[in-house]
Amino acid sequence: MDVNIRHLSVWYAHCDELSIEQAVNSDETQVNWPKLAFVPAMQRRRLSPFAKMALKVANESIDGIENDLPIVFSSRHGDLPKTSTLLADLADKNAISPTAFGLSVHNAIPSLFSILTNNKQAINAISAGQDSFMMALVDTYARLKSGLADEVLFIHADQKLPETYLGFQDEQQLSHALSMVVSLPSSKVLVEDEQNISFSFEQFSKNLIDNMPSSLLFSHWFNSAQQEMLLATNNYNWSLEKHV
Amino acid sequence: MSDLKVELKQLIIETLDLEDIEITDIQDDEALFIDGLGLDSIDALELGLAIKKNYNVKIDANSEETKQHFSSINALCEFVSKAKA
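Residue numbers (my numbering), protein chains in the order written: chain G, 1 to 244; chain Z, 1001 to 1085.
The shape of chain Z in the complex, shown without the other chains (with noise of 0.2 Å):
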């Protein structure tokens, strides 16, 4: 697993009071919102501002692009590691 990959799900945990969620229970390409991991609309505004904060990457809140990149650990590894080169 990518380091990235790691600080992400670390991130996600933290950020959102994932309490009972370990690193190794998120998939990389499972569903962040809704189905799997189970997420809502506060947690995507949640988790847009803890990446801006720690990546300092810009998000577009109204494009369908965003929805794409915070669709899966896989789609927002890759947002944050071109964004941030």
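The following block holds chain G by itself, in its conformation from the complex (with noise of 0.2 Å):
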């Protein structure tokens, strides 16, 4: 699989004053979560930390483009700090929050987008375990192939686990957003952040708890001069080339 992959965009928490080396598995108490100026105040007061970071890294990856894109949306949680307070509240046999519950579904955030920036487009919300990321960029290559798309947005988020999940948890921690612009490869030049890659992948089992989400090393990856990388998961082995 070929694509070509632009306006790559990413936050995660304590981005301003961490690298994501040190932001990882940190405490999140304390974080500042975008602003959002771009949306209206009476919308943005019903987003949670989840929604922010997604919205914003997403706004900033359209930048610029005039056409409306259809979206990949790619959390391998989705809102979990909602989702498991909306459990909670039906653990206890309390009403739940209709704002929470309708919010806490796993394409509300695409949905939002959309709704914010009037796009019509087709949306797709993936979740795959560890291979979320990689499996909806899979997904991103299939609806590009069928033709109905020159170009796709992109978007992953992931927040920290809330405590009560903690226990489970097989990836290292870390509140994330990341969004781009995918394309088939052309004649056309690169634009100026572009980069050529290709992927595969291949089953392989194995038991790994504490590796980085593959969205966080892809983006390192993308960013950095190396060429090629391999990324491990519980499930699969993927191999990632970039081509000049």
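Source of the hints: derived by calculation from the structure; they are not laboratory data. Any given hint might turn out to be false.
Claimed, not checked - With a straight-line cut-off of 27 Å between C-alpha atoms, the simulated BS3-like cross-links for lysine-lysine are:
id	chain 1	residue 1	chain 2	residue 2
1	G	Lys93	Z	Lys1053
2	G	Lys93	Z	Lys1084
3	Z	Lys1082	Z	Lys1053
4	G	Lys93	Z	Lys1052
Both chains come to you apart, so use the hints to assemble them.
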């Protein structure tokens, strides 16, 4: 699979003062979540930290792009802080908040973005365990190959697991969001921040519990001088390569 | 201003995350939805739930009367005090 990627935008907790390596597994009780000035105040009031970081990077990625892009949204856990609060309310037999319920579904974030940008293109929302990010990239490739779209807006977001779920963690934890514009390679010259990459995968079972999330490894690799990268998850080995 | 009206305004601000709005910004006779304060249909559900929880009153989701009860602070105050009585 061969794609062009541009307008990569990344945000993570404490990104204003820490590198990704320093920020991973750090305390997230005091985070400066994105302010989101482009969202009208009456709509912004309902946005969770999860929504704010995802919408921030998505908005940066489409900067300067005139036409509406179809969206592939990837998240392993979705808005789990919100979902776990809802589940606790249900378990306690409390009535659940309609607003929180509506905004906790997996496609809520790209849907909010489509409303904010008046974008009527198709949206896919993907979750695939440790492979969420890369499988969403496969889905993006399929969408492009189908010929239904020339470009896809790709958004990924995952928040640090809430306290209740930390016992189940099998990856390092860092609230982060990433967004990029993906297209098929063409005869056009690559724009300034654009790179042509290829990726493939093979099944290979193992038991990794302390990896950095693929999305963060990907963005680090994309912005580095490193040519190739091997991404290992519990079910697959992914090979990625940049082409000059 | 009656205590219940202040209480209802506080409830609206907290339940609906109206961060930039003060109690004194909400007029008793002003429309709560669409015009005036500018609340929307999701707010209506959320506010209905909060009123049910806080005052233990029943709200019929589909009646025309409910719309009337939620039209302003004055109407809401009258509805809650009658329902509690």
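Status of the hints after comparison with the structure:
no.: 1; hint: G/Lys93 with Z/Lys1053; in the structure: holds (13 Å)
no.: 2; hint: G/Lys93 with Z/Lys1084; in the structure: holds (23 Å)
no.: 3; hint: Z/Lys1082 with Z/Lys1053; in the structure: holds (16 Å)
no.: 4; hint: G/Lys93 with Z/Lys1052; in the structure: holds (15 Å)
Hint check: no violations occur; every hint is consistent with the structure.
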